[in-house]
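Keeping the supplied structure of chain A fixed, place chain B upon it in accordance with the hints.
Chains A and B, in that order, are what the protein sequence lines are.
Each residue of the first sequence is one higher than the last, beginning at 565 in this note's numbering.
Each residue of the second sequence is one higher than the last, beginning at 162 in this note's numbering.
Hints are computed from structural coordinates only; laboratory data are not their basis.
Some hints here could point you the wrong way.
Claimed, not checked - Cross-link-like lysine to aspartate or glutamate pairs, in silico, EDC-like; alpha carbons within 16 Å at most: (1) K320(B) / E338(B); (2) K691(A) / E707(A); (3) K627(A) / E172(B); (4) K199(B) / E172(B); (5) K326(B) / E338(B); (6) K628(A) / E172(B).
Since this is a predicted model, take the numbers as computed values, not measurements.
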Amino acid sequence: MVSSARFPSPTETWNAFKIIAIQGYGNGKLYQHVLQSVVLVTLGFLVSSSLGILLGILMGANKKIEAFVNPIFLTLRPIPPLAWIPLAIVWLGLGNSAKIMVIYVAAFVPAVINTFTGVRSIEVPQKEAAAMLGIGRLAYYREVLIPGALPMIFTGLRLSLQASWTTLVAAELVGATLGLGSILNQAAQDINPAMILVGMMSVAISGWLMTQLIAKAERYAMPWRT
Amino acid sequence: MAKLDRLNQGEYILWTGLGFTSFIGFWYLSDALGLVPKQFLPAPHEVVLKFIHLMNEPFSGYTLLAHIASSFQRFLYGFILAVLIGVPLGLLMALSKFANQLITPFFESIRFVAPIAWVPFAALWFGTGIGGPVLVIFMGAFPPVLINTYRGAIHVDKKYLEAAKMLGAGRFRLMTEVLFPAAIPSVIAGLRISAGLGWQSLVGAELIVASSGVGYMMVKGQASIQTDIVMSGMIAIGLIGLIIDILLRQAEKLAVHYKEA
Chain A
565 MVSSARFPSP
575 TETWNAFKII
585 AIQGYGNGKL
595 YQHVLQSVVL
605 VTLGFLVSSS
615 LGILLGILMG
625 ANKKIEAFVN
635 PIFLTLRPIP
645 PLAWIPLAIV
655 WLGLGNSAKI
665 MVIYVAAFVP
675 AVINTFTGVR
685 SIEVPQKEAA
695 AMLGIGRLAY
705 YREVLIPGAL
715 PMIFTGLRLS
725 LQASWTTLVA
735 AELVGATLGL
745 GSILNQAAQD
755 INPAMILVGM
765 MSVAISGWLM
775 TQLIAKAERY
785 AMPWRT
Chain B
162 MAKLDRLNQG
172 EYILWTGLGF
182 TSFIGFWYLS
192 DALGLVPKQF
202 LPAPHEVVLK
212 FIHLMNEPFS
222 GYTLLAHIAS
232 SFQRFLYGFI
242 LAVLIGVPLG
252 LLMALSKFAN
262 QLITPFFESI
272 RFVAPIAWVP
282 FAALWFGTGI
292 GGPVLVIFMG
302 AFPPVLINTY
312 RGAIHVDKKY
322 LEAAKMLGAG
332 RFRLMTEVLF
342 PAAIPSVIAG
352 LRISAGLGWQ
362 SLVGAELIVA
372 SSGVGYMMVK
382 GQASIQTDIV
392 MSGMIAIGLI
402 GLIIDILLRQ
412 AEKLAVHYKE
422 A
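Pulled out of the complex, with its shape left as it was, chain A reads as follows (with noise of 0.2 Å):
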């Protein structure tokens, strides 16, 4: 009913699958693919949503800084991460950094944007009870704010690493030698659409497993919740 040009049979991509795991395609083997792409994300993204998210708390807890940052942050945020690559690839060249680059920007922007409202969340009755009972500022950051904005703070996470992975592999697909998105592209010139099909169930699983390994530590950061 559709030709295998277009679309690929089970057989041809189990046949697909064994090749790029077994013998390699377009620079490397399977794992080799997901490894480069899967470190980049969580290196990216773990630097770049912890900064996020101490900017977040700042921006929260302080109104002049929430005050300085806001312009700059309202100029910037509209532009989608995906709009960055060409900019990345311009100032950074097809390597690793522009990769780097693209992550921070679609890391940092959700986690800022929901650590700062899941501290703004707080009410204020509860902060003018810490005030009150005359807590120290270090453990009012620790004790009040980041605990009442972990579960937006989580959210955040989620997202995050949900938009930098979708812009790893953006950009890996526009240009790149190893990775999940230069499986795609390879796949894609060579009219493979079994190898296509490969690339794009190893894009899905590895971002679940990684979604997946954020509500781990959500259970574990938030025990009182269920």
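Only chain B this time, still in chain A's reference frame:
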């Protein structure tokens, strides 16, 4: 001692102004000091001038307005397709357990594929003109529409459904006259998310497969290392994304009124 800080309006404006000036100032400064070559970081006003210039002067085949028009057309097609398929499917899933169990596993497995990963198949199946990018936008815009319609419709008070059934409404009328009106606020909230994702997927698709559009213009600018063109493209994409979001937010407000009325 943690103090609860408050800012009066004057102070707020002061700090906001300070933030914006230091952003622009830093940009100019790194230019003036020659920290970055001009080719890679043009001054802010040069980017704005280029943006205006591109309105009249064609680059890679079209003027900026024509690029925007062709991007926006693709976006509309993909978005409307997502609404036309997502809304009825969501209602159907809310109404029929069988449809729900049939569609959910299929949908869940597709949802985890990043929309951008559809680009190779999109190009293979539908080409690089309109069809390919439209598929990618559809893949980005479709899940939020479906999910929000379903969630909105499933929370309809059972009493209404039972009353309508008792009065002899068929499945079709249950969907169009009970579930759909009740789900409208949730649907529109979903539309906002899906428009954002769709617009973003469009940019991605145009970076990779397209022969016109803002994303294509940016790739061409990138290839010839014209940073001002790349940045003009970013501005255009940001502005249009913002306009789409504002329009849908307006619609959201209307929908909330409608629910309260």
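These are the hints, each one checked on the structure:
1. K320(B) / E338(B): holds (14 Å)
2. K691(A) / E707(A): OK: K691(A) and E707(A) at ~10 Å, within 16 Å.
3. K627(A) / E172(B): Holds, because 10 Å separates the two Cα atoms, which is no more than 16 Å.
4. K199(B) / E172(B): violated (36 Å)
5. K326(B) / E338(B): holds (11 Å)
6. K628(A) / E172(B): holds (8 Å)
Violation of the numbered hints given earlier is confined to hint 4; every other hint is satisfied by the structure.
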